[in-house]
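Put chain B on the given structure of chain A with help from the hints.
Protein chains in written order, with this note's numbering: chain A, 2 to 145; chain B, 8 to 84.
It should be emphasised that the hints constitute simulated quantities derived from the structure, not laboratory data. Be a bit skeptical, because a hint or two may be false.
Claimed, not checked - Here are some chain A residues the structure puts well away from chain B; computed CB gaps all over 10 Å:
id, residue
1, Leu22
2, Gln47
3, Asn86
4, Leu122
5, Ile129
Unchecked claim - Distance windows between CB atoms, simulated:
id, chain 1, residue 1, chain 2, residue 2, range
6, B, Pro15, A, Gly45, 19 to 25 Å
7, B, Ile67, A, Asp120, 28 to 34 Å
8, A, Asn98, B, Lys65, 19 to 25 Å
9, A, Ser91, B, Pro21, 19 to 25 Å
10, A, Leu6, B, Glu22, 33 to 39 Å
11, B, Met8, A, Glu57, 18 to 24 Å
12, B, Glu82, A, Lys8, 27 to 33 Å
13, A, Leu125, B, Met8, 18 to 24 Å
14, B, Lys10, A, Met2, 46 to 52 Å
Unchecked claim - In the BS3-like style, the derived pairs of lysine-lysine whose C-alpha atoms are separated by at most 27 Å in a straight line are:
id, chain 1, residue 1, chain 2, residue 2
15, A, Lys8, B, Lys10
16, A, Lys35, B, Lys29
17, A, Lys54, B, Lys41
18, A, Lys128, B, Lys65
19, A, Lys8, B, Lys29
20, B, Lys41, A, Lys9
21, A, Lys30, B, Lys65
22, B, Lys38, A, Lys30
23, B, Lys26, A, Lys10
24, B, Lys26, A, Lys35
25, B, Lys65, A, Lys84
26, A, Lys30, A, Lys10
27, A, Lys84, B, Lys29
28, B, Lys63, A, Lys10
All C-beta atoms, glycine included, are put in the ideal place defined by N, C-alpha and C.
Take a look at the letters that make up each chain.
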Amino acid sequence: MTVILVKKKFVGDATFDKLKLWVIPVTIKGEEIKRDFNLLLDTGAQRTVILPKVKENLDLIEVSEKSVQGTGVTGNSQYSTVKVNLEIGSINLVDINILVGSLPGLFSRYQIVGILGADVLQLLSLKIDYLEKLLEIERPFVYS
Amino acid sequence: MLKTIEKPQEVQVPEITEKYPKRWVTVEVTKRDKYGFPASGRVLYQATDIDLMLDKTKYIKGDLYIFYTGSIDDEPQ
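For reference, chain A alone in the conformation it holds in the complex (with noise of 0.2 Å):
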């Protein structure tokens, strides 16, 4: 097994330091245009979401015009479906199916234009380090 180990440090991080979150840049890209955004790392939230304009400046193209009810503290929202490869560092995940909408609750209101739900979490080994702000993500190859 291969493994693929990423670390970011948080120290000097505004939002780390207020609010211990953990907000990581991850490349979205698209067919043509790729770009990094910062996205909050939730394993509350059991599906990636970015919002609607990050869908317009990366020219993303729905897969499917099926949209997905979801139910957020502030009510209910409809979200779309995206296919991209997202890289986290050096980290490569290819063809994430990852949905377009409103950001639920109190995410709305904050400066961020995604989350990283469980979806593409549970794809990685993460570990997370509050006392040293150092946030390690680990992608596990097995070749067969």
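Chain B in isolation, oriented as in the chain A frame:
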């Protein structure tokens, strides 16, 4: 309000957060750290509003990093 940065200099990401506090910035990434995260770049735009920033950068080519420099619970300015 969105502001274009004239003759942007290459700076490290922590310097960007100090120089442009509580702003959305678009950075052209010039260097990544050994784990692949953006480390240095040139600030192309700064704004208080993310929507303006995303509209402005839609047709810009290059390796861009768009992020908020403050704490994410800051009140919109």
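query = So which of the earlier hints does this model not fit?
reply = Going through the list in order, the structure violates hints 1, 6, 10, 13, 15, 17, 18, 27 and 28 and respects the others.
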